[in-house]
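Respectively, the protein sequence lines represent chains A and Y.
The first sequence runs contiguously to residue 491 in numbering that gives the first Met the number 0.
The second sequence runs contiguously to residue 491 in numbering that gives the first Met the number 0.
Check the hints yourself; a few may be wrong.
The list cannot tell twin chains apart, which means a pair is met if one copy fits it or any two copies do.
Derived lysine-lysine pairs resembling PhoX-like cross-links, with alpha carbons at most 20 angstroms apart [as the list claims (entries may be wrong)]:
| no. | residue 1 | residue 2 |
| --- | --- | --- |
| 1 | K453 | K479 |
| 2 | K79 | K103 |
| 3 | K429 | K348 |
| 4 | K453 | K234 |
| 5 | K479 | K234 |
What the hints contain is simulated information worked out from the structure, not anything from laboratory work.
2 protein chains.
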Amino acid sequence: MSKEITSRSQDYSQWYNDIVIKAGLADYSAVRGCMVIKPYGFGLWENMRDALDKMFKETGHVNAYFPLFVPKSLFEAEEKNAEGFAKECAVVTHYRLKADPDNKGKLIVDAEAKLEEELIVRPTSEAIIWNTYRDWIQSYRDLPILVNQWANVVRWEMRTRLFLRTAEFLWQEGHTAHATKEEAIVETKKMLEVYADFVENWMALPVIKGIKTPNERFAGAEDTYCIEALMQDGKALQAGTSHFLGQNFAKAFNVKFSDKDNKLEYVWATSWGVSTRLIGALVMAHSDDDGLVLPPKIAPLQVVIVPIYKGEEQKALINDKVKNIVSELKANGISVKYDDSDNARPGWKFAQYELQGVPVRLAIGARDLEANVIEVARRDTKEKKSVSIDGIGSYIQTLLNEIQQNIYNRAKAFQQAHITTVNNWDEFIKSLDEHTGFVSAHWDGTPETEEKIKELSKATIRCIPLDNVQEEGKCILTGKPSSQRVLFARAY
Amino acid sequence: MSKEITSRSQDYSQWYNDIVIKAGLADYSAVRGCMVIKPYGFGLWENMRDALDKMFKETGHVNAYFPLFVPKSLFEAEEKNAEGFAKECAVVTHYRLKADPDNKGKLIVDAEAKLEEELIVRPTSEAIIWNTYRDWIQSYRDLPILVNQWANVVRWEMRTRLFLRTAEFLWQEGHTAHATKEEAIVETKKMLEVYADFVENWMALPVIKGIKTPNERFAGAEDTYCIEALMQDGKALQAGTSHFLGQNFAKAFNVKFSDKDNKLEYVWATSWGVSTRLIGALVMAHSDDDGLVLPPKIAPLQVVIVPIYKGEEQKALINDKVKNIVSELKANGISVKYDDSDNARPGWKFAQYELQGVPVRLAIGARDLEANVIEVARRDTKEKKSVSIDGIGSYIQTLLNEIQQNIYNRAKAFQQAHITTVNNWDEFIKSLDEHTGFVSAHWDGTPETEEKIKELSKATIRCIPLDNVQEEGKCILTGKPSSQRVLFARAY
Numbered sequence: 000m001s002k003e004i005t006s007r008s009q010d011y012s013q014w015y016n017d018i019v020i021k022a023g024l025a026d027y028s029a030v031r032g033c034m035v036i037k038p039y040g041f042g043l044w045e046n047m048r049d050a051l052d053k054m055f056k057e058t059g060h061v062n063a064y065f066p067l068f069v070p071k072s073l074f075e076a077e078e079k080n081a082e083g084f085a086k087e088c089a090v091v092t093h094y095r096l097k098a099d100p101d102n103k104g105k106l107i108v109d110a111e112a113k114l115e116e117e118l119i120v121r122p123t124s125e126a127i128i129w130n131t132y133r134d135w136i137q138s139y140r141d142l143p144i145l146v147n148q149w150a151n152v153v154r155w156e157m158r159t160r161l162f163l164r165t166a167e168f169l170w171q172e173g174h175t176a177h178a179t180k181e182e183a184i185v186e187t188k189k190m191l192e193v194y195a196d197f198v199e200n201w202m203a204l205p206v207i208k209g210i211k212t213p214n215e216r217f218a219g220a221e222d223t224y225c226i227e228a229l230m231q232d233g234k235a236l237q238a239g240t241s242h243f244l245g246q247n248f249a250k251a252f253n254v255k256f257s258d259k260d261n262k263l264e265y266v267w268a269t270s271w272g273v274s275t276r277l278i279g280a281l282v283m284a285h286s287d288d289d290g291l292v293l294p295p296k297i298a299p300l301q302v303v304i305v306p307i308y309k310g311e312e313q314k315a316l317i318n319d320k321v322k323n324i325v326s327e328l329k330a331n332g333i334s335v336k337y338d339d340s341d342n343a344r345p346g347w348k349f350a351q352y353e354l355q356g357v358p359v360r361l362a363i364g365a366r367d368l369e370a371n372v373i374e375v376a377r378r379d380t381k382e383k384k385s386v387s388i389d390g391i392g393s394y395i396q397t398l399l400n401e402i403q404q405n406i407y408n409r410a411k412a413f414q415q416a417h418i419t420t421v422n423n424w425d426e427f428i429k430s431l432d433e434h435t436g437f438v439s440a441h442w443d444g445t446p447e448t449e450e451k452i453k454e455l456s457k458a459t460i461r462c463i464p465l466d467n468v469q470e471e472g473k474c475i476l477t478g479k480p481s482s483q484r485v486l487f488a489r490a491y
Numbered sequence: 000m001s002k003e004i005t006s007r008s009q010d011y012s013q014w015y016n017d018i019v020i021k022a023g024l025a026d027y028s029a030v031r032g033c034m035v036i037k038p039y040g041f042g043l044w045e046n047m048r049d050a051l052d053k054m055f056k057e058t059g060h061v062n063a064y065f066p067l068f069v070p071k072s073l074f075e076a077e078e079k080n081a082e083g084f085a086k087e088c089a090v091v092t093h094y095r096l097k098a099d100p101d102n103k104g105k106l107i108v109d110a111e112a113k114l115e116e117e118l119i120v121r122p123t124s125e126a127i128i129w130n131t132y133r134d135w136i137q138s139y140r141d142l143p144i145l146v147n148q149w150a151n152v153v154r155w156e157m158r159t160r161l162f163l164r165t166a167e168f169l170w171q172e173g174h175t176a177h178a179t180k181e182e183a184i185v186e187t188k189k190m191l192e193v194y195a196d197f198v199e200n201w202m203a204l205p206v207i208k209g210i211k212t213p214n215e216r217f218a219g220a221e222d223t224y225c226i227e228a229l230m231q232d233g234k235a236l237q238a239g240t241s242h243f244l245g246q247n248f249a250k251a252f253n254v255k256f257s258d259k260d261n262k263l264e265y266v267w268a269t270s271w272g273v274s275t276r277l278i279g280a281l282v283m284a285h286s287d288d289d290g291l292v293l294p295p296k297i298a299p300l301q302v303v304i305v306p307i308y309k310g311e312e313q314k315a316l317i318n319d320k321v322k323n324i325v326s327e328l329k330a331n332g333i334s335v336k337y338d339d340s341d342n343a344r345p346g347w348k349f350a351q352y353e354l355q356g357v358p359v360r361l362a363i364g365a366r367d368l369e370a371n372v373i374e375v376a377r378r379d380t381k382e383k384k385s386v387s388i389d390g391i392g393s394y395i396q397t398l399l400n401e402i403q404q405n406i407y408n409r410a411k412a413f414q415q416a417h418i419t420t421v422n423n424w425d426e427f428i429k430s431l432d433e434h435t436g437f438v439s440a441h442w443d444g445t446p447e448t449e450e451k452i453k454e455l456s457k458a459t460i461r462c463i464p465l466d467n468v469q470e471e472g473k474c475i476l477t478g479k480p481s482s483q484r485v486l487f488a489r490a491y
């Protein structure tokens with residue numbers, strides 16, 4: 000195999016990078032912290048985006064587009080939000096370059112083209128959107144507003160990793176406006192369910208739904224709901240968040256509506272987002288030492304067919320047969336590629352498609368033709384099987400569903416095996432160090448203790464699970480009384 | 000009608016703005032020169048984008064995503080391209096804000112967080128993409144690369160207009176790499192045909208295909224092909240461009256490949272793009288004094304149904320009937336909305352949907368129910384007709400096709416009536432001033448004369464039509480010999 004990848008046991012982090020780069024998902028760019036999403040990676044993102052977009056529309060949302068730039072005076076209007084993002088934002092200060100008088104062919108910033116007010120490249124769009132909503136909302140009849148935006152955002156991260164943490168990333172951000180607090184909270188929870196549904200049923204990745212502690216809330220939110228996934232190295236990854244923003248942005252941008260009694264009230268808000276980070280989660284959760292493993296429902300390519308032949312005559316016979324197989328698969332709504340290129344041997348092709356995580360590989364040779372069979376190889380289990388060509392379309396359709404389910408089941412079993420309940424500090428540290436994964440433990444509820452635990456263990460409270468049982472216990476660090484367990488983990 | 004719009008004869012420019020804003024397509028934002036694309040406008044863009052994206056994929060292209068920022072050193076590498084965009088680019092110079100010590104709650108740029116190298120917000124992506132292609136291309140086997148990107152770009156325009164000219168806009172930019180000059184030229188022309196096909200058959204807007212004069216070429220191109228459309232005020236609008244870039248970018252970024260003889264050669268390039276500007280063209284070409292007129296194939300909503308009733312009993316009966324009509328329309332692949340809201344009278348709704356350019360309006364009252372008919376109103380011709388409810392699905396399907404064709408025919412007739420052939424300067428000016436539209440005239444082929452004509456008449460050479468006849472003549476300005484006519488117009 001030409002493109003070898005590091006094994007997980009050798010270096011998990013390098014294994015991840017190898018897969019992302021060598022499977023052709025993404026690459027580093029000339030711009031610090033920004034990545035190039037390559038066609039195969041973008042095809043994956045398109046499938047994820049389209050599935051999510053459909054779910055947003057089915058829940059009554061529409062798309063719109065707001066400016067890339069946020070004037071500084073708007074950016075700073077909601078103080079907590081501004082404080083949260085000020086340290087990591089790209090700032091546009093000038094609008095023109097000019098020829099460098101000292102360096103022929105080079106350009107310099109034209110000092111005369113300095114902006115009166117600096118523009119922030121959006122790290123998130125609450126500010127610019129709520130400044131706009133002020134014009135859209137007068138009466139309760141204008142509510143709710145259920146808008147989503149697919150966009151690029153920029154957060155100037157110091158340590159970046161492909162997909163997981165990049166200076167620029169692609170995402171969607173929903174921004175909704177409501178007449179009542181209750182309605183906004185319903186919306187916040189509804190979108191969390193949409194995210195959980197998508198990540199579990201499309202990405203085959205089980206999640207834990209929960210609510211963040213005040214320390215871990217989105218800057219400017221009253222409550223942040225989240226879904227947390229588990230990676231194969233036992234670290235958690237926040238896969239999506241849905242925020243109940245209260246009236247914070249309405250107050251910062253003076254967005255009021257007259258209710259049915261003609262009384263002016265501030266509008267209630269939510270925002271929610273998932274990003275290309277999900278691709279990082281997908282890679283880390285399912286892949287193996289041979290490369291990507293992709294759930295069929297979002298794989299850019301579901302089936303590849305590789306011919307095995309000696310001479311043009313055999314190839315022609317195989318081509319003939321495969322033409323029908325391709326039609327039958329396509330008629331079953333399956334995406335398929337027939338790779339009859341002459342520039343690589345079958346074994347090399349097998350390895351390449353394994354690396355790229357194509358869920359099913361079909362191989363067909365002269366003897367298969369005679370027997371009217373084809374070799375079917377599953378990417379998830381590596382099983383191979385000779386299958387009759389008759390009815391291959393529905394066979395593969397069923398197999399793809401089975402693979403989707405199997406990938407989910409495997410990840411679910413891993414997740415379940417990595418939630419450990421502990422009752423004291425020693426067990427807590429031991430579980431984090433040796434067993435890894437989520438640790439369910441009592442915490443006294445104070446931000447100070449949370450901070451101290453993080454400092455000592457490098458684990459954070461991932462969430463308070465939504466379905467949490469109330470039970471009395473003692474904080475693992477301070478011994479103070481606690482009414483419920485929370486989930487800790489080391490995280491991406 | 001609550002939202003009155005200025006008539007075309009009164010003030011064409013204001014008419015355009017009124018429609019864009021009052022039909023809910025877009026609005027101004029707090030950021031100079033940037034617009035907010037509202038849900039209805041974005042729905043239109045989504046339909047246009049999806050249709051184009053399908054055509055790109057059918058012609059073998061794939062999508063990818065490249066960074067928003069271009070480091071200055073890459074930006075300036077291709078000199079003509081850099082020169083063309085230097086005067087209008089947003090420059091990021093810092094990556095952090097900090098609390099203003101003199102103003103509580105305010106932020107200022109942190110002078111310590113100055114970038115070593117400034118980043119340009121992409122005005123177009125040739126530079127960042129060709130710098131990436133250097134890593135993607137080694138051998139002829141890596142070619143062609145047929146990549147497209149859907150993205151936002153920023154050009155700091157001094158005078159902006161919603162959709163037509165905004166500082167930030169959405170577009171797609173194709174960037175292809177080829178082993179031979181011939182193949183690159185074939186690609187350039189192929190994509191021009193794709194654009195013409197899309198604009199004519201989806202947007203119902205006839206175009207003239209041509210090639211730009213050197214003066215009007217894209218900065219860095221060897222040849223720029225274009226499609227030119229005509230607006231109702233007789234001004235032309237460049238609707239799309241496809242550039243043959245020669246080896247200019249390959250040389251600037253040192254992108255070479257080894258050919259079949261193992262010889263190193265520079266790669267050949269094309270780029271091509273259309274943008275949200277097309278929405279401006281759509282509005283200006285088809286709409287009337289009552290609002291938008293949208294071709295059914297890209298309308299966000301194709302059919303609206305408005306009930307006309309007195310009392311709840313009548314409404315219930317109508318609702319019952321309409322339920323079946325809605326199902327039948329949907330089964331025919333038609334997008335439909337039933338507006339039974341109580342907060343507006345039918346007349347107000349009629350005007351609103353006319354303003355928004357919904358191609359077909361159905362109205363149904365108690366008497367219609369009895370007669371098993373429904374009133375069908377076409378937006379394009381304003382014709383109304385009572386039609387049997389039986390078979391309404393296929394009736395409307397046929398009608399939508401007819402409307403699509405009629406809108407195209409109308410625009411085509413207008414275009415044909417506004418191409419004038421002239422043979423001297425007086426005729427030229429008279430045609431521009433009084434008849435407007437395209438003027439076909441001889442030109443001596445020099446940039447100086449082209450510039451002088453522009454200065455004197457405010458008309459530019461829109462293109463040399465692809466199907467141009469060669470004929471001898473004399474330049475309308477200098478009287479010098481010319482071998483072919485070119486198309487002039489005043490333009491957006």
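Hint by hint, here is what the structure shows:
1. K453 with K479: within (17 angstroms within a copy, 82 angstroms between copies)
2. K79 with K103: For K79 and K103, only the inter-copy Cα distance (13 angstroms) is at most 20 angstroms; the intra-copy one is 46 angstroms.
3. K429 with K348: neither (44 angstroms within a copy, 67 angstroms between copies)
4. K453 with K234: within (14 angstroms within a copy, 65 angstroms between copies)
5. K479 with K234: neither (27 angstroms within a copy, 77 angstroms between copies)
Consistency with the previously given hints fails for numbers 3, 5, ordered from lowest to highest.
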